[in-house]
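Q: Residue numbers (the working numbering), protein chains in the order written: chain E, 1 to 341; chain U, 1 to 341.
Don't take each hint at face value.
[Unchecked claim] Straight-line distance between alpha carbons at most 30 Å, and here's what the computed DSS-like set of lysine-lysine pairs gives:
1. E:97 to U:218
2. U:247 to E:97
3. E:218 to U:97
4. E:106 to E:131
5. E:131 to E:247
6. E:328 to E:287
7. E:18 to E:77
8. U:18 to U:77
9. E:131 to E:2
10. U:287 to E:247
11. E:247 to U:2
12. U:247 to U:131
13. E:106 to U:218
14. E:2 to E:77
15. U:287 to E:184
16. U:184 to E:97
17. E:106 to U:247
18. U:2 to U:18
19. E:247 to U:106
20. E:218 to U:106
21. U:247 to E:287
22. U:97 to E:247
[To be verified] Each pair of labels, with its calculated beta carbon distance range:
23. U:207 to E:134: 55 to 61 Å
24. E:226 to U:205: 43 to 49 Å
25. E:106 to U:328: 52 to 58 Å
26. U:202 to E:263: 36 to 42 Å
27. U:215 to E:47: 27 to 33 Å
28. U:215 to E:160: 42 to 48 Å
Derived from the structure by calculation, the hints contain no laboratory data. Values in this document were obtained by computation on a predicted structure and should not be read as measured data. The beta carbon of each residue, even a glycine, is placed where N, CA and C say it ideally should be.
Number of protein chains: 2
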Amino acid sequence: MKAAYYEGNKRFSIGESKVIPPGPGQARMEVAYAGVCGTDVHVFLGHMDHRLTPPQVVGHEAVGTIAEVGQGVTDLKPGDRVVLRPTDACGTCPSCKRGHINICPKLNFIGITSAGAFQGSWTVPAHLLHKLPDDVNMVHAALIEPLAVATHDVRYGQVTAGDFCVILGAGPIGMLEALVCREKGATVVVSEVNASRVKLARELGFDVVNPSETDLVKYVFDQTGGAGADVVFEVTGTQAGADMMTKLPRTGGRIVIVAIFADPMMVDLRAILWREYTVIGARNYVKEDYDEAIRLVVEGNLPLEKLVSDIRPVSRIQETFEEIVGGKADFMKVLIDSSAD
Amino acid sequence: MKAAYYEGNKRFSIGESKVIPPGPGQARMEVAYAGVCGTDVHVFLGHMDHRLTPPQVVGHEAVGTIAEVGQGVTDLKPGDRVVLRPTDACGTCPSCKRGHINICPKLNFIGITSAGAFQGSWTVPAHLLHKLPDDVNMVHAALIEPLAVATHDVRYGQVTAGDFCVILGAGPIGMLEALVCREKGATVVVSEVNASRVKLARELGFDVVNPSETDLVKYVFDQTGGAGADVVFEVTGTQAGADMMTKLPRTGGRIVIVAIFADPMMVDLRAILWREYTVIGARNYVKEDYDEAIRLVVEGNLPLEKLVSDIRPVSRIQETFEEIVGGKADFMKVLIDSSAD
């Protein structure tokens, strides 16, 4: 079994995956698929060199099968299909004590601060594994981690049936939020400027507006009888998104901040006051968001395979990241088949 | 009975108060006190000329006694002490239908869009009057309107006993929020740079930090064992306040936007995401906020008289507004004694 080692400075090397016997409380899984996340691209570009030690395997959106379990692990056995929740909180800080284990300042993000999933064999803390049914669609299951980001965001947005939701930015997370909102019974408008993402969102059946061509504010108010949107998800991380997010909600509406903004942005705080908006920061996920994402995958109603742009062996990691960074391919989500060399 | 008429261009004239018999659903009150609000100062400065028609009486923070009631008004009688809730919503728009009568886009703000309280006799919609006990302290009661802003803000901030609250800006509303938070059992830190406001906040028993002299962020984290504040109230309307508000809360903490920001501000949206803050716009009040403010005034535990800088007859309105605008006096709240010529 192979592994892709990040060597620093936009280079992966391919080597053997180290088979590490699980210690107490650990489990070793054979990774089936591991999705390439925007965070992995940041690693590739060297933005996160301060958080890892090359050569290091990265990747954290992983699904696979238990190979062996360590001492004290009683709820998992070899052959079980599992998905990893890669955020390991300290459990003792003020955040954790309030249940905010997703935003623990000492968060160990497995696949960044410790070895990741772009390899065949992966030894991880067993308490972070969620068991899946034996007949689960493993390609769908490979999207559980980003889907749990979406279920977290939608939960924070308090989306219920009949709500009118606007998704600003239809990358993988925005697209998954759109799917989860629709599954909740909400009406969804997707705002996106990238042509291939517009196309995919339309193929998924969404009402898509390109705000560079259409007046999105007028569109949303027209569609809602002059009321405005119940919930707006800001997933662009741009000034244009920060401007738009305070123009769309109804009075008393909600804005969920999902994108990681590189810099402070100009924000119309007067609109937040005047129309009594609630702006909600939503980051990562907790156990219940994983449970909800798993429930959605098991139900099988979400067309998640349409978000998978390609499935590639570990040996093609270098070219895959180069294509993503170079913008040569309009990828939505690429899965690495960690079982394939 | 006299009335102060705003004539435009920083001028009031003093004339007779017109005694208007109440029509159906109206009541005529004899105004005891009417507080001078920052909004009235904006009127004086000509900022709201588009919303009123000089010569017009302004003022909306009013308490008084019923003189007569119009047809169909059965729950009030002459002699009753009353306070006005000056925001009259349309009742039919999407906001009102959701109960957001405080942010109705068609809000009639009595004292701005119709005649106000700086006069002896005032005829108003009876359904906006809240009855007070006969033995209520009428000077305290004159602060019910701004106190209801504070009870609204504190309710939106979900402040409970044991919370650690920071008030950024100790003008009248910030000071009232501090009092309401303390009454709820919260620990309160007041941030203020103005020396006379610092002095008053200390006289009221608050822990006051001048952020131009003391590192407020360090102070708050030191005081909370490294956790941060549960709730921050932004009442400065400045870039410094917008910067500070995202530095103080604990993970999962709340920021209540109270100030009316004249322009968009730079805001650290990444901090809102990273620490999962909730930012809540809070404007005006609804009936239950008035009920809570009245309860607090009737209980009599708040030292509201300390916020009253002076009580002046209608005839001294011009000089009062000139002093406020000129910064000659360090007023917190001036009451106009509308019964005194």
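Q: Would you mind marking each hint as holding or not holding in the structure?
A: We went through each hint and held it up to the structure:
Distance check on the hinted pair: residue 97 of chain E and residue 218 of chain U sit about 22 Å apart at the alpha-carbon level, within 30 Å; holds. As the CA atoms of residue 247 of chain U and residue 97 of chain E are separated by approximately 20 Å, the hinted pair is consistent with the 30 Å bound. Under the criterion of a C-alpha separation no larger than 30 Å, the hint pairing residue 218 of chain E with residue 97 of chain U is consistent with the structure, at around 22 Å. About 26 Å separates the Cα atoms of residue 106 of chain E and residue 131 of chain E, which keeps this hinted pair within 30 Å; it holds.
Restraint check: the Cα-Cα separation between residue 131 of chain E and residue 247 of chain E comes to about 42 Å, which exceeds 30 Å; the hinted pair is violated. For the suggested pair residue 328 of chain E and residue 287 of chain E, the alpha carbons sit about 36 Å apart, so the restraint of at most 30 Å is broken. The hinted pair formed by residue 18 of chain E and residue 77 of chain E meets the criterion: a straight-line CA distance of about 21 Å does not exceed 30 Å. With a C-alpha separation of about 21 Å, the suggested pair residue 18 of chain U and residue 77 of chain U falls inside the 30 Å cut-off, and the hint holds.
As the CA atoms of residue 131 of chain E and residue 2 of chain E are separated by approximately 25 Å, the hinted pair is consistent with the 30 Å bound. A threshold of 30 Å between alpha carbons decides the hint, and for residue 287 of chain U with residue 247 of chain E the separation of about 28 Å falls inside it, so the pair holds. This hinted pair does not check out: residue 247 of chain E and residue 2 of chain U have alpha carbons roughly 45 Å apart, beyond 30 Å. A threshold of 30 Å between alpha carbons decides the hint, and for residue 247 of chain U with residue 131 of chain U the separation of about 42 Å lies outside it, so the pair is violated.
For a cut-off of 30 Å, the pair hint linking residue 106 of chain E to residue 218 of chain U stands: about 19 Å separates their Cα positions. Of the supplied pair hints, the one linking residue 2 of chain E and residue 77 of chain E holds, its CA atoms being roughly 24 Å apart against a limit of 30 Å. Between residue 287 of chain U and residue 184 of chain E the alpha-carbon distance is near 33 Å, which puts this suggested pair outside the 30 Å criterion. Among the hinted pairs, residue 184 of chain U with residue 97 of chain E is consistent with the structure: their alpha-carbon atoms are about 23 Å apart, no more than 30 Å.
Restraint check for residue 106 of chain E and residue 247 of chain U: satisfied, since their Cα atoms lie roughly 18 Å apart, inside the 30 Å limit. Taken as a hint, the residue 2 of chain U and residue 18 of chain U pair is honoured in the structure, with Cα atoms around 9 Å apart against an allowance of 30 Å. The suggested pairing of residue 247 of chain E with residue 106 of chain U holds, with an alpha-carbon distance near 18 Å, which does not exceed 30 Å. The suggested pairing of residue 218 of chain E with residue 106 of chain U holds, with an alpha-carbon distance near 19 Å, which does not exceed 30 Å.
For the given pair, residue 247 of chain U sits about 28 Å from residue 287 of chain E by alpha-carbon distance, which is consistent with the 30 Å threshold. This hinted pair checks out: residue 97 of chain U and residue 247 of chain E have alpha carbons roughly 20 Å apart, not beyond 30 Å. Separation of residue 207 of chain U from residue 134 of chain E is about 60 Å and conforms to the stated range, judged on CB atoms against 55 to 61 Å. Take residue 226 of chain E and residue 205 of chain U: their Cβ atoms lie about 48 Å apart, and the range 43 to 49 Å holds.
The supplied range of 52 to 58 Å is met by residue 106 of chain E and residue 328 of chain U, whose beta-carbon atoms lie about 54 Å from each other. The hinted range of 36 to 42 Å is satisfied by residue 202 of chain U and residue 263 of chain E, whose Cβ atoms lie roughly 38 Å apart. At roughly 30 Å, the beta carbons of residue 215 of chain U and residue 47 of chain E sit within the given window of 27 to 33 Å. For the pair residue 215 of chain U and residue 160 of chain E, the beta carbons lie near 43 Å from each other, so the given range of 42 to 48 Å is met.
When each numbered hint is compared with the structure, violations occur for hints 5, 6, 11, 12, 15.
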